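Protein chains in written order, with my numbering: chain B, 27 to 281; chain S, 27 to 281; chain E, 27 to 281; chain R, 27 to 281.
Treat each hint with caution, since some may be false.
Once the Cα atoms are required to be at most 35 Å apart in a straight line, the calculated DSBU-like pairs of lysine-lysine come out as [unchecked claim]:
1) E:134 <-> S:71
2) E:93 <-> R:226
3) B:93 <-> B:169
4) S:143 <-> B:93
5) R:93 <-> B:103
6) R:70 <-> B:137
7) E:169 <-> S:61
Read the hints as simulated data drawn from the structure, not as lab findings.
Remember, predicted model here, so these are calculated numbers, not experimental data.
Number of protein chains: 4
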Amino acid sequence: MDNVIIDFIDKPELKNPVLIEGLPGIGDVGKIAAKLLIDQLSAKKIISIYSRFLPPQVLVTDEGIIKPMQNEIYYVKTEKDHELMILTGDYQGLTSEGQYDLSYGILKLLKDLNVVKIITLGGYGVRKIPEEPRVLGAATGEKLLSEMKKYGVHFETGHPSSGIVGASGLLLGLARLFNLEGVCLMGETHGFFPDPQGAKTVLKVLSELFDLKLDYTSLEKISPDLEILKARLKELEEVGNEGVPDSAGDLSYFA
Amino acid sequence: MDNVIIDFIDKPELKNPVLIEGLPGIGDVGKIAAKLLIDQLSAKKIISIYSRFLPPQVLVTDEGIIKPMQNEIYYVKTEKDHELMILTGDYQGLTSEGQYDLSYGILKLLKDLNVVKIITLGGYGVRKIPEEPRVLGAATGEKLLSEMKKYGVHFETGHPSSGIVGASGLLLGLARLFNLEGVCLMGETHGFFPDPQGAKTVLKVLSELFDLKLDYTSLEKISPDLEILKARLKELEEVGNEGVPDSAGDLSYFA
Amino acid sequence: MDNVIIDFIDKPELKNPVLIEGLPGIGDVGKIAAKLLIDQLSAKKIISIYSRFLPPQVLVTDEGIIKPMQNEIYYVKTEKDHELMILTGDYQGLTSEGQYDLSYGILKLLKDLNVVKIITLGGYGVRKIPEEPRVLGAATGEKLLSEMKKYGVHFETGHPSSGIVGASGLLLGLARLFNLEGVCLMGETHGFFPDPQGAKTVLKVLSELFDLKLDYTSLEKISPDLEILKARLKELEEVGNEGVPDSAGDLSYFA
Amino acid sequence: MDNVIIDFIDKPELKNPVLIEGLPGIGDVGKIAAKLLIDQLSAKKIISIYSRFLPPQVLVTDEGIIKPMQNEIYYVKTEKDHELMILTGDYQGLTSEGQYDLSYGILKLLKDLNVVKIITLGGYGVRKIPEEPRVLGAATGEKLLSEMKKYGVHFETGHPSSGIVGASGLLLGLARLFNLEGVCLMGETHGFFPDPQGAKTVLKVLSELFDLKLDYTSLEKISPDLEILKARLKELEEVGNEGVPDSAGDLSYFA
Chain B
27 MDNVIIDFID
37 KPELKNPVLI
47 EGLPGIGDVG
57 KIAAKLLIDQ
67 LSAKKIISIY
77 SRFLPPQVLV
87 TDEGIIKPMQ
97 NEIYYVKTEK
107 DHELMILTGD
117 YQGLTSEGQY
127 DLSYGILKLL
137 KDLNVVKIIT
147 LGGYGVRKIP
157 EEPRVLGAAT
167 GEKLLSEMKK
177 YGVHFETGHP
187 SSGIVGASGL
197 LLGLARLFNL
207 EGVCLMGETH
217 GFFPDPQGAK
227 TVLKVLSELF
237 DLKLDYTSLE
247 KISPDLEILK
257 ARLKELEEVG
267 NEGVPDSAGD
277 LSYFA
Chain S
27 MDNVIIDFID
37 KPELKNPVLI
47 EGLPGIGDVG
57 KIAAKLLIDQ
67 LSAKKIISIY
77 SRFLPPQVLV
87 TDEGIIKPMQ
97 NEIYYVKTEK
107 DHELMILTGD
117 YQGLTSEGQY
127 DLSYGILKLL
137 KDLNVVKIIT
147 LGGYGVRKIP
157 EEPRVLGAAT
167 GEKLLSEMKK
177 YGVHFETGHP
187 SSGIVGASGL
197 LLGLARLFNL
207 EGVCLMGETH
217 GFFPDPQGAK
227 TVLKVLSELF
237 DLKLDYTSLE
247 KISPDLEILK
257 ARLKELEEVG
267 NEGVPDSAGD
277 LSYFA
Chain E
27 MDNVIIDFID
37 KPELKNPVLI
47 EGLPGIGDVG
57 KIAAKLLIDQ
67 LSAKKIISIY
77 SRFLPPQVLV
87 TDEGIIKPMQ
97 NEIYYVKTEK
107 DHELMILTGD
117 YQGLTSEGQY
127 DLSYGILKLL
137 KDLNVVKIIT
147 LGGYGVRKIP
157 EEPRVLGAAT
167 GEKLLSEMKK
177 YGVHFETGHP
187 SSGIVGASGL
197 LLGLARLFNL
207 EGVCLMGETH
217 GFFPDPQGAK
227 TVLKVLSELF
237 DLKLDYTSLE
247 KISPDLEILK
257 ARLKELEEVG
267 NEGVPDSAGD
277 LSYFA
Chain R
27 MDNVIIDFID
37 KPELKNPVLI
47 EGLPGIGDVG
57 KIAAKLLIDQ
67 LSAKKIISIY
77 SRFLPPQVLV
87 TDEGIIKPMQ
97 NEIYYVKTEK
107 DHELMILTGD
117 YQGLTSEGQY
127 DLSYGILKLL
137 KDLNVVKIIT
147 LGGYGVRKIP
157 EEPRVLGAAT
167 GEKLLSEMKK
177 YGVHFETGHP
187 SSGIVGASGL
197 LLGLARLFNL
207 EGVCLMGETH
217 GFFPDPQGAK
227 TVLKVLSELF
237 DLKLDYTSLE
247 KISPDLEILK
257 ARLKELEEVG
267 NEGVPDSAGD
277 LSYFA
């Protein structure tokens with residue numbers, strides 16, 4: 027089996043789409059944001075991506091239908107004529123090699139589809155509940171970097187110090203090989219539970235970038251109990267920082 | 027070495043065979059059922075499947091003959107003219123990648139052999155000794171799903187919640203890539219020992235589907251001591267659910 | 027890098043050589059035997075086999091020269107005109123896939139070199155110090171099996187029950203794919219330390235098979251202290267059989 | 027994705043350059059030495075080497091720019107007309123296979139670039155703070171070996187007894203396949219912290235070999251606190267030698 031298999035469900039004509047990536051990771055910031063975008067923009071699924079580096083199992087839908095593990099790409103042309111492709115999925119690659127193969131395979135696909143820019147979404151673990159979570163950024167080049175600053179994205183010297191792990195990092199790191207460029211937007215997050223606040227924070231940047239009207243009320247349903255979260259954070263504080271995700275990017279489940 | 031090597035022992039002419047898969051897994055439900063089918067239908071071995079993702083060792087038969095680790099396909103045309111191919115074997119692939127490669131390689135083979143449908147067999151762990159074990163199902167499409175309901179196969183919303191692990195899942199999940207369709211039949215089982223009751227339960231569905239007359243008395247020999255089984259289950263209950271297989275599918279040995 | 031790289035040092039003309047394999051394994055029976063053969067027959071190294079599945083390091087000879095990890099093939103034409111090739115090495119493949127790739131790659135090489143028969147050597151762990159260690163055997167076919175019985179090789183129903191692990195098994199298990207045949211000779215051994223007694227026992231069979239005059243005095247140097255060995259065995263007996271190698275074949279170091 | 031990807035930033039004309047390798051390893055001796063060479067000789071980066079066997083993440087520079095994990099080759103023509111290429115990087119390959127693939131891929135590149143000789147740098151763990159650290163060596167052939175002796179490089183029978191692990195070893199071990207030759211220079215080191223003393227010791231040999239004028243003052247900044255180091259060594263002495271790197275070469279982080 028090829029390392030990565032691209033399965034087209036639909037082939038819309040594409041001019042110069044932007045890819046927004048939101049796969050599972052720290053606080054699931056990226057995945058939560060991607061899901062909200064797909065739902066509210068009524069984006070349509072156009073591509074399934076299978077890989078021998080995803081878990082060797084299938085999901086079963088509520089209707090009893092078998093669905094292979096996959097990454098998925100959705101497409102929508104917004105009211106303001108922005109072409110958005112949204113990449114999300116059940117898992118990231120299970121091994122280092124799988125991470126590289128998936129990101130590389132997806133970049134090759136994006137190049138074929140005339141994608142002009144990549145925006146990856148992730149969480150930036152700050153080890154507490156951030157009062158007003160900010161969005162930190164990192165980019166493939168100077169120009170994009172200063173462009174993003176206009177939208178309130180912060181760039182801090184030496185952060186994230188440990189780099190960006192997983193697809194959010196690799197899609198941008200390998201972009202150079204495909205003459206692509208992009209930026210990673212990281213919402214500050216406690217990082218221990220799915221964090222809709224972190225997702226909201228990056229979504230606000232995207233809504234400005236692409237003139238989107240987004241309704242965030244659905245995020246409230248997935249907010250963890252604040253008391254439980256605080257207790258958990260206090261507990262961790264007492265035992266020191268061992269095991270606390272301390273850096274931006276994805277892949278909290280990745281060992 | 028290629029990831030998967032197909033070694034034909036015989037090449038019968040095939041019109042539209044159905045593949046029944048029963049590899050080792052939870053309660054060995056699938057493997058026990060496959061073995062009984064092969065024995066009672068006098069199915070003939072036609073294919074050995076070797077893989078570098080199987081354990082790096084060989085078995086020695088009672089006669090002192092060396093036999094490489096393998097998956098095996100048997101063939102039989104039933105009295106009622108059903109063409110059945112039965113897939114079983116010593117092990118499933120040892121790694122995630124190996125699981126995918128074996129399932130993908132087998133699907134390619136099935137396509138070449140004009141297989142029209144795939145039925146995978148597995149166990150569905152229920153954490154107790156089921157009084158009247160049922161058969162749960164999941165399928166690649168709506169049509170097969172409703173067809174199976176006629177044979178008493180249950181489809182429950184949200185089950186198996188954790189999906190189907192291993193070949194029983196992947197053979198169906200990747201079937202779409204080969205324009206193949208199929209169904210997974212999962213016998214309810216405690217899942218801790220080889221479970222002939224779980225196997226009997228899926229065999230009954232198969233016997234109706236293909237008009238087979240099966241004798242289940244050989245299953246009694248492999249039934250575990252009920253008292254030991256009960257003690258073990260009670261023990262596990264007391265320590266909570268840790269380590270108890272809770273989902274359908276195969277691969278109990280797969281870490 | 028290719029999975030296996032064959033590096034010819036010399037290319038003697040070969041008519042119908044027999045390959046004798048002795049790689050590291052249980053009690054190092056095979057490797058000790060191979061080394062003695064090479065030394066006493068003055069066999070000449072003709073092939074280095076490198077692989078990305080061997081440990082990623084090099085050895086340094088006493089002269090300060092760097093030597094990559096490898097499997098090695100030596101060649102000798104005996105006084106009685108037997109053409110022998112002897113396969114030994116530092117390690118076996120580190121992963122399951124590596125085990126398969128090395129064995130497969132070596133078989134391909136053997137086929138190219140007109141090898142007619144493969145004899146693999148290993149230890150058969152018996153969990154005690156065998157008084158008169160026997161040689162157990164397993165073969166690829168009936169004919170070889172009965173041929174070996176004439177030389178005092180034992181074939182016991184159901185032994186080795188756990189099969190033969192590593193190159194000693196795989197070289198024979200995959201031989202069918204190359205129309206090759208062979209036999210595995212396993213010397214009974216305690217299996218905990220390099221065991222020259224186990225090696226001597228298989229060497230005696232080989233010396234009869236190929237009319238070799240072998241001097242076993244060099245083996246005495248590598249015999250472990252009997253008292254230490256007995257103490258270790260007693261210790262293990264008390265804690266049960268956990269961790270005691272109980273089956274034929276190689277690969278004691280293989281996790 | 028290919029296992030190794032070579033990304034040229036610049037293509038200077040090369041006649042007969044020597045490659046000096048200094049990747050992370052024991053005491054980071056090689057990497058510290060390589061960095062000092064690059065800085066003081068103002069070597070220019072000409073090649074990025076990416077691999078799916080490096081960690082699946084990216085670094086972020088102080089300016090917020092994303093930089094993929096990589097090995098890097100720098101180039102300089104010295105005042106005395108020596109052409110030096112310096113190989114360094116963030117990490118070595120994460121798996122055995124990755125180690126082999128990276129070294130093999132780099133050797134192929136070196137052959138294409140007309141490299142005539144390879145000098146790999148590493149640390150040689152001596153389990154104490156060496157008073158006057160020596161440089162031990164190992165080479166691909168006799169001639170280079172005796173040449174190095176003139177520069178004060180020591181060759182000790184049976185050292186390093188456990189061989190040379192990682193790129194410092196493999197680049198030389200596989201060199202034969204590309205008709206390349208080389209030597210490994212190992213500075214004696216305690217091996218527990220980045221060790222500028224060990225680096226200085228190998229740099230002195232290089233400065234003689236290539237007529238370089240090097241200023242070692244920058245090394246002082248990275249010296250660990252001597253008291254902490256002594257305490258740590260004493261601690262380890264008391265618990266025995268478990269976990270203490272005892273052999274030459276690289277790859278302290280490699281499990």
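Evaluation of the provided hints:
no.	hint	result
1	E:134 <-> S:71	holds, 27 Å
2	E:93 <-> R:226	holds, 27 Å
3	B:93 <-> B:169	violated, 41 Å
4	S:143 <-> B:93	holds, 17 Å
5	R:93 <-> B:103	holds, 32 Å
6	R:70 <-> B:137	holds, 31 Å
7	E:169 <-> S:61	holds, 30 Å
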